[in-house]
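Chains as they are written, first to last, in the working numbering: chain D, 681 to 1037; chain U, 476 to 598.
The hints are simulated quantities; they were obtained by calculation from the structure and are not laboratory data. It is possible that part of the hints are untrue.
Said to hold, decoys possible - As a list, the in silico BS3-like pairs of lysine-lysine whose alpha-carbon atoms are at most 27 Å apart: (1) D:K881 to D:K815; (2) D:K964 to D:K815; (3) D:K815 to D:K968; (4) D:K783 to U:K585; (5) D:K783 to U:K494; (6) U:K510 to U:K494; (7) D:K701 to U:K510; (8) U:K585 to U:K510; (9) D:K968 to D:K881; (10) D:K881 to D:K783; (11) D:K783 to D:K701; (12) U:K510 to D:K783; (13) U:K585 to U:K494; (14) D:K701 to U:K494.
For clarity, every value in this text was computed on a predicted model and none was experimentally measured.
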Amino acid sequence: MRVLVVDDDLVTREIVVEDLKHFGYEVTAASDGREAFELVRTGMYHLVVSDWQMPHMSGLDLCREIRKRSWSGYIYFILLTLRGGVDNVVCGLDAGADDFLTKPFQPQELRMRLRTGERVLGLESRDLMIFAMAKLAESRDKDTGAHLERIREYSRILADELSRWPQYCDLIDGDYVQLIYQTSPLHDIGKVGVPDSVLLKPGPLTPDEIAVMQRHTLLGGETLNSVAHSRPEALFLNMAREIALTHHERYDGTGYPRGLRGQQIPLCGRIVALADVYDALTSKRVYKPAFDHARARGIILEGRGTQFDPDIVQAFLNREQEFVAIERQFHDHGPAIAGLPLAESLALPTSPLPSAS
Amino acid sequence: MNDSTYQPAETVLDLEELKSRCLGNMDLVERVLTKFAGQLDRDLVELETAIASGDASQAAHLAHRIKGIAASVAARSLFHDASHAEEHALENELDELPEYLARLQDDRSKLIESLERRSREQA
Ligand SMILES: [Fe+2]
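Turn these sequences into a full structure, and let the hints steer you where they fit.
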């Protein structure tokens, strides 16, 4: 595992670098925040150990700069402080540091902190596996492009917006936002159970075929339910199940599979419903061109209170510029930040009707 | 610091502590001590200049750096005096600084002395 060690104090740096090499890490050293930031930009470093006070760019500013951007994976950041110093741990937390270590420290202490970091990064690999699974499931349904990359971004934006509203702040916290980002790509996982003859049929579907197609919600929900049962502590499975099951419900109760209405539909399902439809509208399909934002926006507004929760429509309006930006970022291209440059991501987005799938 | 001139050797430099931080790697201990001596000399010269020109923030920065290297090699007196120097510099109490500079220089002499004694013993 690679570690980036940042310190302008060459004496401390030498000890830290050599100790970490001794522990089997591959170590690179930088002498201030600016130099370190250039190294982080290469995408090679996911563990950073940085001194706090440094010339040019402090460890705190380095951490802030790193957190401002999206990277191919999480960057675990350990700040070094000096005993009896003026450094304030609260500032460090605000800047996004993951852990602190007070100098002078024993090498074993640093080793333990780094192990914690590696565990956190390992959990992230789990998230990548979830996404890979979703991608695999979607790969039969050809030419959906970067649909999953966009869905999770749209869902994250909507949840983040609602979390700032007083009536939602108890329901949605940072964890929830992160969770919906991770689990929304699984919304159509049940399509693995829909036969090719239906899923890939070029023409319009018969009523029976529509019913088979609509079963993807139940299939996905049941599959995730059986896993969630054996691991009740895994919250992401629960949310994934709710999303798979309810992302085609409509606010007025005319959706499927169960015809739930209003608050009966879990919040995550209501959020992903709008994200999914917006993406279908702004993507090219065999039967329609990609609509521009204004047209998609109009259709979403028409569905306020019928197809969609009015609050979520409002959240969409409050953050619509970000929707436009995401649509552009992932338009007809592979994932820019997902770290999974699968071949199908490069294909043009064309997929069955959003309302029937 | 009190007025006694006697200091146990480990107050000047706790070599056992430094060895353990270097995971027993004596080559590393030597390299670190060489770097330490060089850095300390440069920082003390710069600190003297900063104090003479009344630059409290530069003095604070340098005192902080001395504190950092002192912490790393387990040079306790130096750490202690550098901490006080940094505090005074941060409070903009420039009058206090010459006294602490003198203490730091004294710490430095003792450190160099102890390092030289050590290399004579090793030879
Ligand atoms: Fe679906």
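Now the hints, each set against the structure:
Only pairs whose Cα atoms come within 27 Å are accepted, and D:K881 paired with D:K815 is accepted, the gap being roughly 20 Å. Between D:K964 and D:K815 the alpha-carbon distance is near 19 Å, which keeps this suggested pair within the 27 Å criterion. Our distance criterion of 27 Å between C-alpha atoms is met by D:K815 and D:K968, whose separation comes to about 24 Å. Among the hinted pairs, D:K783 with U:K585 is consistent with the structure: their alpha-carbon atoms are about 23 Å apart, no more than 27 Å.
Proximity of D:K783 to U:K494 is assessed by CA-CA distance (about 16 Å); at most 27 Å being required, the pair is judged to hold. A distance of roughly 15 Å separates the Cα atoms of U:K510 and U:K494; the hinted pair therefore holds under the 27 Å criterion. A hinted pair counts as satisfied when its Cα atoms are at most 27 Å apart, and D:K701 with U:K510 qualifies at roughly 19 Å. For the given pair, U:K585 sits about 17 Å from U:K510 by alpha-carbon distance, which is consistent with the 27 Å threshold.
For the proposed pair D:K968 and D:K881, the alpha carbon gap of about 16 Å is at most 27 Å, so the pair holds. A distance of roughly 65 Å separates the Cα atoms of D:K881 and D:K783; the hinted pair therefore is violated under the 27 Å criterion. At roughly 19 Å between alpha-carbon atoms, D:K783 and D:K701 fall within 27 Å of each other, so this suggested pair holds. The hinted pair formed by U:K510 and D:K783 meets the criterion: a straight-line CA distance of about 18 Å does not exceed 27 Å.
Straight-line distance between C-alpha atoms of U:K585 and U:K494 comes to about 19 Å, which keeps the hinted pair within the 27 Å bound. A C-alpha spacing of about 16 Å is found between D:K701 and U:K494, which places the hinted pair at or below 27 Å, so the restraint holds.
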